[in-house]
Amino acid sequence: MLRITQPHWLEHDKRVSEALSFHDVGHRYPGGHETLSQISFSLTQGEMAFLTGHSGAGKSTLLKLIACLVRPTRGQVVVGGHNTGTLKRRQIPSFRQDIGLIFQNFNLLNDRTVFDNVALPLVIRGFADDDMGKRVRAALDAVGLLGRESAQPITLSGGEQQRVGIARAIVTKPALLLADEPTGNLDPTMAREIMQIFRRFNQAGVSVLVATHAVDLIQQLPYRILNLAQGRLTAQAPVGHRA
Amino acid sequence: MLKAHLRDALATLGRLWRDKINTLLIAAVIGITLALPAGLHVLVQNLSAVSYSWEGSLHASLFLKDSVNEARGRQLAQELGRRAGKTQYISREQSLAEFRALSGFGEALDLLADNPLPAVIVVTPKVQQTPQQVEQWLQELGQLPEVELAKMDQKWLQRLHAILDIVQRSVLLVAALLGVAVIVTVGNTIRLDIENRRDEIVVMKLIGAPDGFIRRPFLYTGFWYGLAGGAIAWIFVQAALLAIALPARRLAGLYDSSFTLSGLSFGASLLVLGGGLLLGVAGSAWTVSRHLTRIEPA
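Protein chains in written order, with my numbering: chain Z, 3 to 245; chain P, 516 to 813.
The set of hints was computed from the structure by calculation and includes no laboratory data. Note that beta-carbon positions come from the ideal geometry of N, C-alpha and C, so glycine has one too. Keep in mind that the hints are not guaranteed to be accurate.
Below 25 Å or equal to it, Euclidean Cα-Cα: the simulated SDA-like pairs (lysine to any residue) are [claimed, not checked]:
{"id": "1", "chain 1": "P", "residue 1": "Lys-518", "chain 2": "Z", "residue 2": "Lys-66"}
{"id": "2", "chain 1": "P", "residue 1": "Lys-535", "chain 2": "P", "residue 2": "Glu-710"}
{"id": "3", "chain 1": "Z", "residue 1": "Lys-90", "chain 2": "P", "residue 2": "Glu-655"}
{"id": "4", "chain 1": "Z", "residue 1": "Lys-66", "chain 2": "Z", "residue 2": "Asp-131"}
{"id": "5", "chain 1": "P", "residue 1": "Lys-518", "chain 2": "P", "residue 2": "Arg-809"}
{"id": "6", "chain 1": "Z", "residue 1": "Lys-66", "chain 2": "Z", "residue 2": "Asp-143"}
{"id": "7", "chain 1": "Z", "residue 1": "Lys-66", "chain 2": "P", "residue 2": "Asn-630"}
{"id": "8", "chain 1": "P", "residue 1": "Lys-535", "chain 2": "Z", "residue 2": "Leu-111"}
{"id": "9", "chain 1": "Z", "residue 1": "Lys-66", "chain 2": "Z", "residue 2": "Gly-186"}
{"id": "10", "chain 1": "Z", "residue 1": "Lys-90", "chain 2": "P", "residue 2": "Lys-580"}
{"id": "11", "chain 1": "P", "residue 1": "Lys-535", "chain 2": "P", "residue 2": "Arg-809"}
{"id": "12", "chain 1": "P", "residue 1": "Lys-601", "chain 2": "P", "residue 2": "Glu-655"}
{"id": "13", "chain 1": "P", "residue 1": "Lys-601", "chain 2": "P", "residue 2": "Met-516"}
{"id": "14", "chain 1": "Z", "residue 1": "Lys-136", "chain 2": "P", "residue 2": "Leu-807"}
{"id": "15", "chain 1": "P", "residue 1": "Lys-535", "chain 2": "Z", "residue 2": "Pro-95"}
{"id": "16", "chain 1": "Z", "residue 1": "Lys-90", "chain 2": "P", "residue 2": "Phe-620"}
{"id": "17", "chain 1": "P", "residue 1": "Lys-518", "chain 2": "Z", "residue 2": "Gln-99"}
{"id": "18", "chain 1": "P", "residue 1": "Lys-518", "chain 2": "Z", "residue 2": "Leu-111"}
{"id": "19", "chain 1": "Z", "residue 1": "Lys-90", "chain 2": "P", "residue 2": "Leu-793"}
{"id": "20", "chain 1": "P", "residue 1": "Lys-535", "chain 2": "P", "residue 2": "Arg-706"}
{"id": "21", "chain 1": "P", "residue 1": "Lys-580", "chain 2": "P", "residue 2": "Leu-627"}
{"id": "22", "chain 1": "Z", "residue 1": "Lys-90", "chain 2": "P", "residue 2": "Arg-805"}
{"id": "23", "chain 1": "P", "residue 1": "Lys-535", "chain 2": "P", "residue 2": "Pro-725"}
{"id": "24", "chain 1": "Z", "residue 1": "Lys-90", "chain 2": "P", "residue 2": "His-676"}
{"id": "25", "chain 1": "P", "residue 1": "Lys-580", "chain 2": "P", "residue 2": "Asn-630"}
{"id": "26", "chain 1": "P", "residue 1": "Lys-580", "chain 2": "P", "residue 2": "Leu-528"}
{"id": "27", "chain 1": "Z", "residue 1": "Lys-136", "chain 2": "P", "residue 2": "Arg-615"}
{"id": "28", "chain 1": "P", "residue 1": "Lys-666", "chain 2": "P", "residue 2": "Phe-728"}
{"id": "29", "chain 1": "Z", "residue 1": "Lys-136", "chain 2": "P", "residue 2": "Ala-526"}
{"id": "30", "chain 1": "Z", "residue 1": "Lys-136", "chain 2": "P", "residue 2": "Met-516"}
{"id": "31", "chain 1": "Z", "residue 1": "Lys-66", "chain 2": "Z", "residue 2": "Gln-78"}
{"id": "32", "chain 1": "Z", "residue 1": "Lys-90", "chain 2": "Z", "residue 2": "Thr-115"}
{"id": "33", "chain 1": "P", "residue 1": "Lys-518", "chain 2": "Z", "residue 2": "Lys-90"}
{"id": "34", "chain 1": "Z", "residue 1": "Lys-66", "chain 2": "P", "residue 2": "Pro-725"}
Calculated from the model, a selection of chain Z residues having no Cβ within reach of chain P, i.e. all distances over 12 Å [stated by the list, open to error]:
{"id": "35", "residue": "Thr-46"}
{"id": "36", "residue": "His-56"}
{"id": "37", "residue": "Ser-96"}
{"id": "38", "residue": "Asp-100"}
{"id": "39", "residue": "Asp-113"}
{"id": "40", "residue": "Gly-128"}
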């Protein structure tokens with residue numbers, strides 16, 4: 003049984019209708035060529051979309067711009083009402099706490115149990131112990147890993163590790179989930195499972211943006227696909243709702 | 516907030532405990548570094564104590580003019596006794612008898628027509644006077660009309676005090692230098708720790724951990740290193756004192772002294788522990804401020 007709770011923004015802020023928006027954004031690494039140019043798009047709150055493109059097309063950079071891991075060299079990136087270009091260094095941590103990040107290589111801490119990994123975002127925010135236990139178990143339940151709290155991450159399969167990563171991303175009930183090639187290291191069956199998990203969170207109201215090159219996996223899904231080629235958006239028309 | 520600190524402190528202690536040998540080695544290096552100034556401090560303290568105990572037996576000899584008769588001499592001794600401390604009048608005859616008995620030159624004296632020895636008032640000053648006070652007081656005595664010469668027996672004691680002053684300051688300098696050494700040791704250890712946990716720090720930053728949260732475990736690592744180092748220093752000093760206590764007592768016995776070695780006082784013990792702790796935290800804070808901000812997820 004899955005119990006997916008509402009993201010917290012639904013409870014107190016209904017004004018912001020865009021989860022994120024790019025306005026003529028360009029980015030180049032110092033001394034390098036332009037990795038992204040003239041990117042303009044927005045993701046409505048509660049929307050789910052895919053970001054595709056060959057490796058090197060700029061998918062990761064685009065996600066990093068959203069999480070304020072890099073800053074735009076041109077244009078504006080606005081996430082949850084915050085312009086990332088004007089965020090101060092000390093404001094970034096709390097800005098990032100409102101975004102659930104999921105990575106291709108899972109980024110789990112291998113010297114800690116599954117429970118401790120998932121609890122980390124709550125520890126950072128100073129949650130009380132019993133509250134923390136409840137939330138961690140709810141998050142693990144949502145990804146189908148309840149009962150594996152005390153396991154060490156390296157003893158889990160790739161798919162399970164990724165689900166731990168997702169549990170960690172959603173344990174604080176963020177309004178926005180970003181996933182960078184979440185299925186890149188997984189076999190097709192596991193990959194489909196992971197995509198299903200994202201869909202369920204989206205149905206609960208979370209905005210989701212997934213970067214992936216697994217086009218075959220997402221084509222039959224009823225979500226918008228943003229395609230990047232050489233740093234530019236080439237197609238962002240919604241794909242027909244066939245699912 | 517307090518709970519979060521407690522959790523970090525204990526988690527860090529657990530992490531250090533899992534790597535006992537390494538932790539112990541680093542703490543021992545810090546301990547030895549701290550033990551040196553602490554040990555020197557104890558040494559100086561004991562030397563001061565010894566010299567002050569000798570101060571009690573410090574006395575001045577007032578050699579009286581031959582024109583002063585015995586009655587006047589005794590009277591003067593009494594007057595001085597009321598003002599200065601303990602006095603003892605030794606008449607010319609007593610001096611002669613004493614000299615005859617102790618010097619072994621008694622027969623040589625028989626060749627002399629007159630008793631060549633002056634009458635003496637031995638003055639033992641009240642204790643707890645600084646060498647300067649004693650010096651001034653001695654000068655006053657020398658100017659009394661009845662006194663030919665006032666002489667302090669233990670000039671070398673003043674020299675010892677002067678030397679101890681120098682040593683005391685040197686101990687402070689050594690302590691300052693070795694304090695810097697502790698900061699560098701802890702700082703370098705924490706720097707390696709930060710390098711080893713780079714991936715973890717990156718993940719923390721990715722999920723929105725503020726700098727303070729990431730910094731805290733490293734600060735507590737320095738805290739524990741410092742505290743353990745201080746404790747080890749304390750043990751080293753006390754053990755060293757225990758080792759030399761017996762020979763020291765034997766030496767004191769040879770001087771007919773009841774002197775015993777004193778160890779680190781309660782205050783000094785706190786200073787060693789607290790100093791180690793502060794230096795540990797300072798060392799880690801210094802490193803963390805330089806290295807943690809350089810690690811950014813990208």
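Review point. Against the structure shown, which of the earlier numbered hints fail to hold, in ascending order?
Key: 1, 3, 4, 5, 6, 7, 10, 11, 13, 14, 15, 16, 19, 23, 24, 26, 27, 28, 32, 33, 37, 38, 39, 40
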